[in-house]
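Residue numbers (the working numbering), protein chains in the order written: chain A, 1 to 295; chain B, 1 to 295; chain C, 1 to 295.
One should not assume that every hint holds.
The list treats identical chains as one, so a pair stands whether inside a single copy or across any two.
Derived lysine-lysine pairs resembling DSS-like cross-links, with alpha carbons at most 30 angstroms apart [said to hold, decoys possible]:
id: 1; residue 1: Lys212; residue 2: Lys291
id: 2; residue 1: Lys212; residue 2: Lys281
id: 3; residue 1: Lys164; residue 2: Lys276
id: 4; residue 1: Lys212; residue 2: Lys253
id: 5; residue 1: Lys164; residue 2: Lys212
id: 6; residue 1: Lys291; residue 2: Lys276
I should point out that these hints are in silico values taken from the structure, not numbers from a laboratory.
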Amino acid sequence: MAAVAVTLVRRLLRSGPRPGLCGAGGRELGAAPRRAIGRVAVELDSSTGVAVMKMENLPVNSLSLDFLTEFLISLEKLENDRGCRGVILTSGAPKIFSAGLDIMEMYGKSAEHYAEFWKAVQEMWLRLYQSNMVTIAAINGSSPAGGCLMAMCCDYRIMAENPKYSIGLNETQLGIVAPFWFKDTMVNTVGNRATERSLELGLLYSPPEAHKIGLVDQLVPEEKIQSTAAAVMSQWLAIPDHARQITKSMMRKPTVDRLLAHRESDIQNFVSFITKDSIQKSLQMYMEMLKQRRG
Amino acid sequence: MAAVAVTLVRRLLRSGPRPGLCGAGGRELGAAPRRAIGRVAVELDSSTGVAVMKMENLPVNSLSLDFLTEFLISLEKLENDRGCRGVILTSGAPKIFSAGLDIMEMYGKSAEHYAEFWKAVQEMWLRLYQSNMVTIAAINGSSPAGGCLMAMCCDYRIMAENPKYSIGLNETQLGIVAPFWFKDTMVNTVGNRATERSLELGLLYSPPEAHKIGLVDQLVPEEKIQSTAAAVMSQWLAIPDHARQITKSMMRKPTVDRLLAHRESDIQNFVSFITKDSIQKSLQMYMEMLKQRRG
Amino acid sequence: MAAVAVTLVRRLLRSGPRPGLCGAGGRELGAAPRRAIGRVAVELDSSTGVAVMKMENLPVNSLSLDFLTEFLISLEKLENDRGCRGVILTSGAPKIFSAGLDIMEMYGKSAEHYAEFWKAVQEMWLRLYQSNMVTIAAINGSSPAGGCLMAMCCDYRIMAENPKYSIGLNETQLGIVAPFWFKDTMVNTVGNRATERSLELGLLYSPPEAHKIGLVDQLVPEEKIQSTAAAVMSQWLAIPDHARQITKSMMRKPTVDRLLAHRESDIQNFVSFITKDSIQKSLQMYMEMLKQRRG
Numbered sequence: 001m002a003a004v005a006v007t008l009v010r011r012l013l014r015s016g017p018r019p020g021l022c023g024a025g026g027r028e029l030g031a032a033p034r035r036a037i038g039r040v041a042v043e044l045d046s047s048t049g050v051a052v053m054k055m056e057n058l059p060v061n062s063l064s065l066d067f068l069t070e071f072l073i074s075l076e077k078l079e080n081d082r083g084c085r086g087v088i089l090t091s092g093a094p095k096i097f098s099a100g101l102d103i104m105e106m107y108g109k110s111a112e113h114y115a116e117f118w119k120a121v122q123e124m125w126l127r128l129y130q131s132n133m134v135t136i137a138a139i140n141g142s143s144p145a146g147g148c149l150m151a152m153c154c155d156y157r158i159m160a161e162n163p164k165y166s167i168g169l170n171e172t173q174l175g176i177v178a179p180f181w182f183k184d185t186m187v188n189t190v191g192n193r194a195t196e197r198s199l200e201l202g203l204l205y206s207p208p209e210a211h212k213i214g215l216v217d218q219l220v221p222e223e224k225i226q227s228t229a230a231a232v233m234s235q236w237l238a239i240p241d242h243a244r245q246i247t248k249s250m251m252r253k254p255t256v257d258r259l260l261a262h263r264e265s266d267i268q269n270f271v272s273f274i275t276k277d278s279i280q281k282s283l284q285m286y287m288e289m290l291k292q293r294r295g
Numbered sequence: 001m002a003a004v005a006v007t008l009v010r011r012l013l014r015s016g017p018r019p020g021l022c023g024a025g026g027r028e029l030g031a032a033p034r035r036a037i038g039r040v041a042v043e044l045d046s047s048t049g050v051a052v053m054k055m056e057n058l059p060v061n062s063l064s065l066d067f068l069t070e071f072l073i074s075l076e077k078l079e080n081d082r083g084c085r086g087v088i089l090t091s092g093a094p095k096i097f098s099a100g101l102d103i104m105e106m107y108g109k110s111a112e113h114y115a116e117f118w119k120a121v122q123e124m125w126l127r128l129y130q131s132n133m134v135t136i137a138a139i140n141g142s143s144p145a146g147g148c149l150m151a152m153c154c155d156y157r158i159m160a161e162n163p164k165y166s167i168g169l170n171e172t173q174l175g176i177v178a179p180f181w182f183k184d185t186m187v188n189t190v191g192n193r194a195t196e197r198s199l200e201l202g203l204l205y206s207p208p209e210a211h212k213i214g215l216v217d218q219l220v221p222e223e224k225i226q227s228t229a230a231a232v233m234s235q236w237l238a239i240p241d242h243a244r245q246i247t248k249s250m251m252r253k254p255t256v257d258r259l260l261a262h263r264e265s266d267i268q269n270f271v272s273f274i275t276k277d278s279i280q281k282s283l284q285m286y287m288e289m290l291k292q293r294r295g
Numbered sequence: 001m002a003a004v005a006v007t008l009v010r011r012l013l014r015s016g017p018r019p020g021l022c023g024a025g026g027r028e029l030g031a032a033p034r035r036a037i038g039r040v041a042v043e044l045d046s047s048t049g050v051a052v053m054k055m056e057n058l059p060v061n062s063l064s065l066d067f068l069t070e071f072l073i074s075l076e077k078l079e080n081d082r083g084c085r086g087v088i089l090t091s092g093a094p095k096i097f098s099a100g101l102d103i104m105e106m107y108g109k110s111a112e113h114y115a116e117f118w119k120a121v122q123e124m125w126l127r128l129y130q131s132n133m134v135t136i137a138a139i140n141g142s143s144p145a146g147g148c149l150m151a152m153c154c155d156y157r158i159m160a161e162n163p164k165y166s167i168g169l170n171e172t173q174l175g176i177v178a179p180f181w182f183k184d185t186m187v188n189t190v191g192n193r194a195t196e197r198s199l200e201l202g203l204l205y206s207p208p209e210a211h212k213i214g215l216v217d218q219l220v221p222e223e224k225i226q227s228t229a230a231a232v233m234s235q236w237l238a239i240p241d242h243a244r245q246i247t248k249s250m251m252r253k254p255t256v257d258r259l260l261a262h263r264e265s266d267i268q269n270f271v272s273f274i275t276k277d278s279i280q281k282s283l284q285m286y287m288e289m290l291k292q293r294r295g
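Produce the entire structure from the sequences given, and follow the hints as far as they go.
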């Protein structure tokens, strides 16, 4: 784990801040002190102990290696800040929470790169799923694949009831397979059968469907999502941190331990899968399809 | 596993085809090539890659050793046929999907016979639950005990909304106990609590109740069950086979491995249970009750 | 286990019967033979084989060491009585089923006392969760923490639909943590996600909410709770005992085995947690708050 963290920090120093991408959507949040590294805008309200982490990796908050690195460092800073007890995770990109793993990181790169990328994805899950802070996802846009995983890592999920938005682990639709710890996280959230059907069909759920199966906890009109998240957060913060943290760990540790026990083989699985000619080819086709859509 | 397969094939050769039982209900499906072995009518539509397996072990599709053997060989042929990607499992018997394990195989026979029978029941579950094909149950009749197990093995369950039909693992009502892998399959489908209550009370659910707890996925008017199954199948076949198969295996392998780790002791448990005087006596009483009902 | 039972019996002999607390609420049940030890009034109807265990540890059925000891002996007697096949667990205290573990047993006592108390709590869970009898909870009042655990141990839960009543594992609200086997029991009842949210927030559910998440099976008007329990019991007793008992054990044994494998360390955890200064202090504050409310 330490090695991973060192690697991630080194990457961040290498990649540096990204001027122009940082903060645009964050300013409207008010005058609270900003600790923006780049594509993650963090506002910590020291009076409430609640931070808002706004993802701003435009256009669709793809989980690139750089973005994951910044995300992890931002999260780690809050985790170590005794003045911060809760985090609201949301998006500054229009109409999308996060589009999930960045396909560019999975195409035409070296095996070393794939391994480094996958370690960062694992690390994001490990840190977010086990956070000592209360974590609330304010899902103000579509949230497929890795975006859905991030939401499922939180303690509570509020989704904007916009019928254009959808959420789910849709990997099979792209011909790829959600790893076992994505699956475990979903089973923990919606149960075995809903997960089985979701994953085999790569289902993306509308907000009402997602609410019905328990993939999100609450639907609200889009303009109320931040205020609702703040109100829910205050309910969670009424619980003594220590008792809540031990309880959360008791619930989630067995799932975390399964990945920790197989972390290296999970990386090897990913690398050997993604380097297959057939998979590289289908990713290429997928990216060309995306380009044509935009064009 | 190989030994079991050999034994099953040997049995089939011994028992031979059953003229008169084969195919009657299958002809109406059209002119597609028929590969009927006996009490399982198989129609494979080579244009869609979808086979319909119609159980025709009249009157109630009891899972006898001969029937299970034929069923397994039919399934295996489709599994090995690269032109077949999905199977719709349904019944050619009126008002019943399958009545479950054939009580005649559990009464007044030798320990060797009981062991051979139980191996075939295990094998049916292992093959159907892990099929590489998309499996859809078109439940056009009642489906108690082993019939419910077969339905639960499929990827998706559509049931005719006829109030006379019921489905469930009702073993305790007969004074017997569903084995642990029946239980595991039900837990995977409807969760722990619904399974606990179902199994302790031997509950048979009406179609709306079965739908409510998630034991079946969809209810349709009886005359639409085959067309609905075909429509749902085409949704499932839109997913790349490879990704779907790996996902299915990831979901189901831990459950399968539990039986494989205890397969022999599970057979011994069954044999020692079924050979008890008290169990033989209650099966005898049950059969006499059935005779009186029919008479 | 034997050592625990011996210790419990010894305690009972030491503590003796409690005149004045016994039986007041029980008389209205009629002329059936009473086997009251003290704060648990037992009425066994030998014609039906159904006993009613009425908790009468006034004012709120706190689970003190003495009360748990009496409860266990009463339960054990019924368990060993071949004329008793089912137990209805209910309360003789007004407006409360059970308030859960007695805080007086967790404050200002010796480590030895805490260990003895915790053994008795474990023993109550082990006996009730694995009872060979059909157990139905007639929840005629609020049921927080340990009271909710008792209800969850039963085979079926009927709750009075009085909006003033609530039920749940609310430990975190007091700054303490439900032990893993409380958690396991709740996961078995309502699934993983509802448990996670319940335990992290220490949620107490209204009767309709409890019914919706499956924490109770049925709601009835308060005056019908005993008659409904009797009617439900007769459905359960229609199932052959032997098959039902094996099925129940198959469902619950893995959960029981987890505690048995860690029973001593679970006691040590409790003792070291409860003897912490910070915990003792917060329990003291909680008790003072309760006193002020009453005063």
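These are the hints, each one checked on the structure:
Taking the shortest Cα distances, Lys212 and Lys291 never come within 30 angstroms of each other, neither inside one copy (34 angstroms) nor across copies (43 angstroms). Proximity of Lys212 and Lys281 under a CA criterion of 30 angstroms is satisfied in neither setting, with 37 angstroms inside one chain copy and 43 angstroms between copies. In this assembly of identical chains, the alpha carbons of Lys164 and Lys276 never lie at most 30 angstroms apart, being 34 angstroms within a copy and 52 angstroms across copies at closest. For a Cα distance limit of 30 angstroms, the shortest separation of Lys212 from Lys253 qualifies both inside one copy, at 27 angstroms, and across copies, at 27 angstroms.
Both within a single protomer and between protomers do Lys164 and Lys212 lie at most 30 angstroms apart by alpha-carbon distance, with minima of 17 angstroms and 28 angstroms respectively. Within a single copy, Lys291 and Lys276 get their C-alpha atoms as close as 23 angstroms, which meets the 30 angstroms cut-off; across copies the closest is 61 angstroms, which misses it.
Comparing the model with each numbered hint stated earlier shows that hints 1, 2, 3 do not hold.
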